[in-house]
Amino acid sequence: MKKKMLSFVMAVILSVMTMTTVTKGETTTAPDADKKVENAAGFKYESGNGDISLKVMEMLKVITEDKKGNWGAGKKVTREEFAKMLVQVSNYSGKVSGNASARIFTDVSPSGQYSGYIKLAVNKGLMSGYLGGKFKPRQAVTLEEAVNGAILLLGYSNTDFEGNIADAKYGLYLDKGLNKKLSLKRNDTLSRKDCKNLFYNLLRAKNKENTLYGEAFGFALDSKGEIDYDKKVNDSLKGPFFVASKWENSIPFKLSTAKLYKNKISCKKADFNTGDILYYSTDLKTVWAFDADSDIGYKTLLDSTKKGPFLYGSNWKEKLPFSIANAKIYKNDKLARVVEIGNSDVIYYSKEAKTVWAYDENGNMDYLSTLNKYKKGPYIAKDSFINSLPKNVKNGKVYKNGELSSIGKIADYDVVYYSEELKTVWAYDNKVYGVYESAKPNKVAPTEIVVAGNTYAIGSQAVGYDLSAQGNIREGMRVVLLMGDDGTVAGIMSSQTLEPVLAGYVLKVGKHVSKDSKDKSNLNGYVRIVDTNGNEQEYDTTLTNIYEGDTVEVKYISGEAVVSKTSAPLIRGEVNSDATLVNNIVISPSARIIDVVKGNYIKVNVKRLADIELTGQNLIYCGYNKAGEITDMILSDATGDLFQYGILLTSYITEEKGFDPELGEYTRKIGNYTYDINGTQQTYTTEGVSFGEATGPKGFLIKDNQIKAFKGLNQIKVSAIEKNQVRGGEASYPISDKVAVYVCSDKKYYLTKLSDISNLNEYYVDAYIDKMNLEGGVIRVIVATKK
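Each position in the sequence shown, counted from 1, maps to that position plus 97 in the working numbering.
Don't take each hint at face value.
The following label-pair restraints were derived from C-beta to C-beta distances [to be verified]:
| hint | residue 1 | residue 2 | range |
| --- | --- | --- | --- |
| 1 | R669 | A566 | 51 to 57 Å |
| 2 | D332 | K366 | 22 to 28 Å |
| 3 | R669 | E859 | 53 to 59 Å |
| 4 | L432 | G713 | 52 to 58 Å |
| 5 | A265 | D392 | 52 to 58 Å |
| 6 | D430 | E784 | 39 to 45 Å |
| 7 | N821 | Y749 | 19 to 25 Å |
| 8 | N569 | Q779 | 51 to 57 Å |
| 9 | G713 | E759 | 38 to 44 Å |
| 10 | V436 | E859 | 22 to 28 Å |
| 11 | P207 | K321 | 27 to 33 Å |
| 12 | F419 | A566 | 21 to 27 Å |
| 13 | K231 | K305 | 29 to 35 Å |
| 14 | G809 | I699 | 16 to 22 Å |
Dumping the calculated DSS-like pairs for lysine-lysine here, alpha-carbon to alpha-carbon at most 27 Å [claimed, not checked]:
| hint | residue 1 | residue 2 |
| --- | --- | --- |
| 15 | K814 | K800 |
| 16 | K221 | K165 |
| 17 | K356 | K403 |
Hints in this document: simulated from the structure, not taken from any laboratory.
Ideal Cβ positions, reconstructed from N, Cα and C, are used throughout, including at glycine.
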């Protein structure tokens with residue numbers, strides 16, 4: 098979840114504004130504050146289906162609407178009003194110096210609101226007065242007067258015409274298309290609607306220099322020949338900005354007379370909140386605000402201002418470049434309080450939006466990847482390694498194989514990491530044993546190592562050195578791989594150095610050609626095992642009484658692996674609810690455990706043993722450390738997690754007759770099965786074997802797309818469904834996280850959700866558990882039938 102902080106566009110505004118800018122997409126630095134950068138996300142103004150000519154005239158201040166949208170379309174326009182309109186659509190707009198200092202017409206007061214416009218229009222020849230020094234300001238303007246002003250705005254003068262100048266100007270008015278939507282005679286007076294249409298036509302017309310007159314105001318034409326009003330607005334739009342304190346001081350017009358919108362709905366200033374994204378238009382005197390519920394890509398804009406990830410530890414508040422007093426706080430993307438942020442959380446922040454995001458391992462981001470940036474290691478614990486750790490780290494938290502532990506539990510040859518920021522140590526004792534076969538792609542720069550037929554990625558330069566000509570590890574040696582937190586090899590050594598003892602479950606027994614310690618090739622017996630770390634390995638042995646399904650220990654003596662058969666463990670009893678004790682014997686929180694069924698196996702977290710009853714049938718190996726703690730277990734279908742669960746739909750036996758030259762005729766039974774797992778139906782036929790299973794909810798042990806075994810389930814009539822358990826009578830039964838829920842109708846099964854059948858007034862519900870409660874059983878299948 099890496100975010101790239103982009104360059105800010107509105108640099109000039111940022112230096113004086115408390116409302117700050119955010120850019121989107123790839124940008125270039127703007128030469129000034131008016132530059133608009135095209136954005137991949139953000140607000141784009143759309144005018145809709147209204148009268149564009151009215152919007153254009155309103156932008157140029159030719160027409161003014163009141164709050165109800167009224168603008169007096171039919172009202173006649175006086176000469177003084179027309180003078181102002183002419184100036185507003187000329188390059189003199191904005192240059193009216195205020196009231197005239199002296200009376201230029203006897204009927205125009207120097208202090209009148211139009212006097213400055215009249216003076217400018219007359220001085221530039223756009224309008225003229227009457228004999229006797231009068232302007233007749235309140236007289237309605239005629240089309241001929243309006244045409245004169247419009248033609249002069251296009252750059253023409255009286256010297257450009259011959260003969261009757263008024264007729265010539267009127268002819269040009271028609272040629273230029275200024276009469277579109279105007280059905281007036283030359284002496285007719287103009288309404289506001291007529292003036293709107295006249296000046297809109299003027300903006301679309303070509304001037305004397307044959308260029309679009311509207312270009313002087315930044316307008317262009319669209320494909321239909323109309324003024325592209327939306328483009329004009331979007332080109333001049335300012336934003337995006339984040340709302341901060343006193344943001345209104347940075348808007349270059351009065352908000353009291355402006356139009357305000359929140360998520361495109363008319364609103365009040367009080368509706369704008371810290372963290373909202375703003376745009377504004379000086380032309381329209383309008384401000385738009387958007388929050389996370391808007392459709393402008395708020396998250397994309399916000400993410401572009403994010404900085405992080407950081408691992409600040411307990412000092413995270415002091416290291417932020419803003420006060421968190423009024424900041425927004427999120428934990429795992431949910432609104433939170435400051436106290437919910439932990440010292441080991443990964444922090445992102447946006448100074449512009451005054452927002453903090455914190456994530457732990459449950460958050461929607463690559464927490465471990467970020468955490469690893471602040472980890473130092475890997476180190477191999479040995480001798481006085483612990484004493485070399487920083488003091489604040491030694492006194493901090495310690496984790497062993499992912500479980501909370503203590504500094505004293507770190508043993509020699511553990512792989513260790515630490516973080517000074519988090520005051521935390523992580524130690525791992527996951528080891529792989531076997532014969533070193535080769536390095537890939539070569540010994541000079543190896544990236545992988547092959548041990549006991551399996552390939553492992555190298556995660557430490559020290560390992561590469563040990564495999565080189567200068568190192569002490571050679572092909573054919575029995576080695577121990579010290580595995581890091583990411584599953585790569587952090588260290589390697591000769592098994593003679595460590596002389597470990599490991600336990601495993603026998604997957605295969607056979608003979609092969611291998612070399613002995615004197616490099617001689619011989620036909621030797623061997624066993625292939627899966628050890629309690631879940632790693633498969635092969636070992637030569639001279640024993641002949643080892644079979645598939647046995648448990649063995651492998652001890653290294655003088656660097657040679659010696660395989661011995663183990664006896665059944667004597668431990669019996671229920672594991673406590675914390676999975677820390679059984680029969681008052683401590684179970685190590687980092688115990689290595691596998692569960693096996695018919696050659697299939699899975700690694701088991703020690704917490705999975707909680708409340709399980711260990712018996713002579715489901716516990717087949719138990720190993721201890723020097724302190725008497727249980728460190729290794731091999732279980733036999735103790736968890737039920739090796740099976741997939743669903744419905745056996747059909748089960749029947751067919752017979753196939755055959756003939757063997759030695760045995761004669763024979764009849765072979767064949768099992769035929771149809772089953773549903775996760776809503777997908779499949780068929781399976783056994784060759785010469787029939788399981789003889791009845792239909793209904795089952796467990797299926799499947800390997801290589803073949804059913805190896807079925808597991809019968811115990812039925813429970815459900816009287817109540819609670820959050821993570823069902824009740825049957827007086828007893829409660831836990832529901833598996835992967836429970837399969839079906840509705841049965843007319844003997845057909847339909848996959849559904851637990852929430853859909855939880856109303857027991859509508860359904861009869863049966864739950865199916867893999868074992869009874871004392872054996873650690875959980876509900877694997879639930880079937881509902883409509884009442």
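Here is what the structure says about each hint:
Under the hint 51 to 57 Å, the C-beta atoms of R669 and A566, about 54 Å apart, fit the expected range. The hinted window of 22 to 28 Å between D332 and K366 holds, with their beta carbons roughly 26 Å apart. A hinted range of 53 to 59 Å for the beta carbons of R669 and E859 is inconsistent with their spacing of about 44 Å. Taken as a hint, the range 52 to 58 Å holds for the pair L432 and G713, whose Cβ atoms sit roughly 54 Å apart.
Judged by the Cβ atoms, the range 52 to 58 Å given for A265 and D392 holds: they are separated by roughly 54 Å. Checked against the hint of 39 to 45 Å, the pair D430 and E784 fails, with Cβ atoms roughly 53 Å apart. The hinted window of 19 to 25 Å between N821 and Y749 is violated, with their beta carbons roughly 37 Å apart. Against the hinted window of 51 to 57 Å, the Cβ-Cβ separation of N569 and Q779 comes to about 53 Å, which satisfies the hint.
Our hint of 38 to 44 Å for G713 and E759 holds, since their Cβ atoms are close to 43 Å apart. Taken as a hint, the range 22 to 28 Å is violated for the pair V436 and E859, whose Cβ atoms sit roughly 43 Å apart. Separated by about 46 Å at the C-beta atoms, P207 and K321 break the suggested range of 27 to 33 Å. A C-beta distance of roughly 56 Å is found between F419 and A566, which places it outside the suggested range of 21 to 27 Å.
Range check, K231 to K305: Cβ separation about 31 Å, and the 29 to 35 Å hint holds. Range check, G809 to I699: Cβ separation about 20 Å, and the 16 to 22 Å hint holds. Taken as a hint, the K814 and K800 pair is broken in the structure, with Cα atoms around 32 Å apart against an allowance of 27 Å. Between K221 and K165 the CA atoms are separated by roughly 36 Å; this puts the pair beyond 27 Å, and the hint is violated.
Restraint check: the Cα-Cα separation between K356 and K403 comes to about 30 Å, which exceeds 27 Å; the hinted pair is violated.
Checked against the numbered hints above, the structure breaks hints 3, 6, 7, 10, 11, 12, 15, 16, 17 and satisfies the rest.
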